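Residue numbering for the sequence shown follows the numbering used here, starting at 1 and increasing by one per position.
Rather than coming from a laboratory, the hints here were simulated on the basis of the structure.
Note that the structure is predicted; figures quoted are calculated from it, not measured.
Do not rely on the hints blindly, as some may be mistaken.
Stated by the list, open to error - With beta-carbon atoms standing in for the labels, derived distance ranges:
#, residue 1, residue 2, range
1, A244, H8, 46 to 54 Å
2, H8, A308, 36 to 44 Å
3, H8, R391, 18 to 26 Å
4, Q321, E383, 24 to 32 Å
5, A244, H384, 37 to 45 Å
Quick reminder that beta carbons are idealized off the backbone N, C-alpha and C, glycines included.
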Amino acid sequence: MERNPIFHQTRLRLAAWYTLVMGGILGLSSLGVYSVVAHAYYETIDQGLQSVANALHKSIEPAWQQPGQLQRLNKEFSLELCVGQTNCLPKRTSIKKSITEVANPVNYYIRLLDRSGKLFASGGMELDNFPITSALEHWQILTDDSGTRYREITLPLYTQNQVSGYLQVARSITDLDQHIAYLRLALVLGLPISMIFVGLSSWWLAGRAMQPVYLSYQQMQQFTADAAHEFRTPLAAMYSTIEAAIKLQQEPKSNGGILDVLKRQNRRLSQLVGDLLLLTRIDQKELTGEYQSCCLNDLISDLTEELAFLAVETKVNLSKQVQVSEKLYVMGYEEQLYRLISNLIANAIQATSSGGKVTVFLEKSELYAMIKVEDTGIGIAVEHQQRIFDRFYRVDRNRSRTSGGSGLGLAIAIAIARAHKGNIHVQSQPGLGSTFTVRLPLSS
Numbered sequence: 001m002e003r004n005p006i007f008h009q010t011r012l013r014l015a016a017w018y019t020l021v022m023g024g025i026l027g028l029s030s031l032g033v034y035s036v037v038a039h040a041y042y043e044t045i046d047q048g049l050q051s052v053a054n055a056l057h058k059s060i061e062p063a064w065q066q067p068g069q070l071q072r073l074n075k076e077f078s079l080e081l082c083v084g085q086t087n088c089l090p091k092r093t094s095i096k097k098s099i100t101e102v103a104n105p106v107n108y109y110i111r112l113l114d115r116s117g118k119l120f121a122s123g124g125m126e127l128d129n130f131p132i133t134s135a136l137e138h139w140q141i142l143t144d145d146s147g148t149r150y151r152e153i154t155l156p157l158y159t160q161n162q163v164s165g166y167l168q169v170a171r172s173i174t175d176l177d178q179h180i181a182y183l184r185l186a187l188v189l190g191l192p193i194s195m196i197f198v199g200l201s202s203w204w205l206a207g208r209a210m211q212p213v214y215l216s217y218q219q220m221q222q223f224t225a226d227a228a229h230e231f232r233t234p235l236a237a238m239y240s241t242i243e244a245a246i247k248l249q250q251e252p253k254s255n256g257g258i259l260d261v262l263k264r265q266n267r268r269l270s271q272l273v274g275d276l277l278l279l280t281r282i283d284q285k286e287l288t289g290e291y292q293s294c295c296l297n298d299l300i301s302d303l304t305e306e307l308a309f310l311a312v313e314t315k316v317n318l319s320k321q322v323q324v325s326e327k328l329y330v331m332g333y334e335e336q337l338y339r340l341i342s343n344l345i346a347n348a349i350q351a352t353s354s355g356g357k358v359t360v361f362l363e364k365s366e367l368y369a370m371i372k373v374e375d376t377g378i379g380i381a382v383e384h385q386q387r388i389f390d391r392f393y394r395v396d397r398n399r400s401r402t403s404g405g406s407g408l409g410l411a412i413a414i415a416i417a418r419a420h421k422g423n424i425h426v427q428s429q430p431g432l433g434s435t436f437t438v439r440l441p442l443s444s
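The task is simple: from the sequences and hints, build the whole structure.
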């Protein structure tokens, strides 16, 4: 399968599509997992913070703005409160005793604000210039000067059914950020590694999926080759017998016309079998002959001379224009290159009406040789231009029958060009003629 470029490219495209689709699925799945896990982490943090804040609020609010409130709060909750920003107690600790009964011992910070939002008292862990924010926002994420992030909840404190202050409880989410960062790193590194395995698996699966098709293709190729070989021998024998019978006049004169028809039909079948065999050999990369440096200047000169008689018969002006000063050489099989150019010139002559012109150009474009066969014939409609290189495809079937064409000439031409790492491009307008351009890499 790997030796056949068509199947290799198709397998590569299938594997690429499999990988692309699976990559999209894995990417979306990773994004979903990341979102769900991050949301779950934040929900857990918020629930714990809400529980601690509710417990503190329930106990602090009754003692809020009463004589000796700070001392009672310190004594009851073991909060080393710092009133204002200067008169701080020497030792500040995290939440203790009844607070630790509510939540696990993590770094919490407590602030009491007055009604205007100014700091009244604080306690818990020490912070590096932790910002005082508006008390109106229930949930917030804040960052101190050291870059540590905190999740903060704010609850109002009421006195006689009026807001008289605020309780703020904050918790460091550094551990949460680290977990999220590890998860993100794992997904970012894991996705490309997974894509490598997906790509290899896709290549293997594409090969498995295409195996039956490739086997059928091989069987079809083998059938074509076998059929051609089976037909070649009896056709050759028939042709020899008919030719000998005509020469020896062993048949009555009335049968001579029949024998001539049989001879022509035999010649056409033999040509068809030869064309099929040639296409099979090109597909299997089994071209015969010597792979050598071929001079395109000489090939074009020989072909224009040899096909001049066909142009004279159809009253077509056949000429050449070599637009390079040096000899152009390509590596390949001279016999097949001869067949390639002769097919194009013969087709151009047959497609050109009496009095028309067929011109063969030889040009050089960077590292490529350009052979152009230009005619003033009937031209090719746009809808046919994409299919004229298909096997057995005829634009005008009646004209092909008259000229004896089998519909394989252009298919053979492009197959030979591609076997020599080149290609053929067509430009045509109905009624104005066509230009077939062969592009072949020059030998170094």
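Note whether the CB distance of H8 and R391 lies within 18 to 26 Å or breaks it. holds, 21 Å
Can you tell me whether the CB distance of A244 to H384 sits inside 37 to 45 Å? holds, 43 Å
Is 24 to 32 Å respected by the C-beta to C-beta distance linking Q321 and E383? Holds, at about 31 Å.
H8 paired with A308, Cβ distance criterion 36 to 44 Å: At roughly 43 Å between Cβ atoms, A308 and H8 fall inside 36 to 44 Å, so the hint holds.
Could one say that the CB atoms of A244 and H8 fall in the range 46 to 54 Å? Taking Cβ atoms as reference, A244 and H8 lie about 49 Å apart, which means the hint holds.
Of the numbered hints listed earlier, not one is contradicted by the structure.
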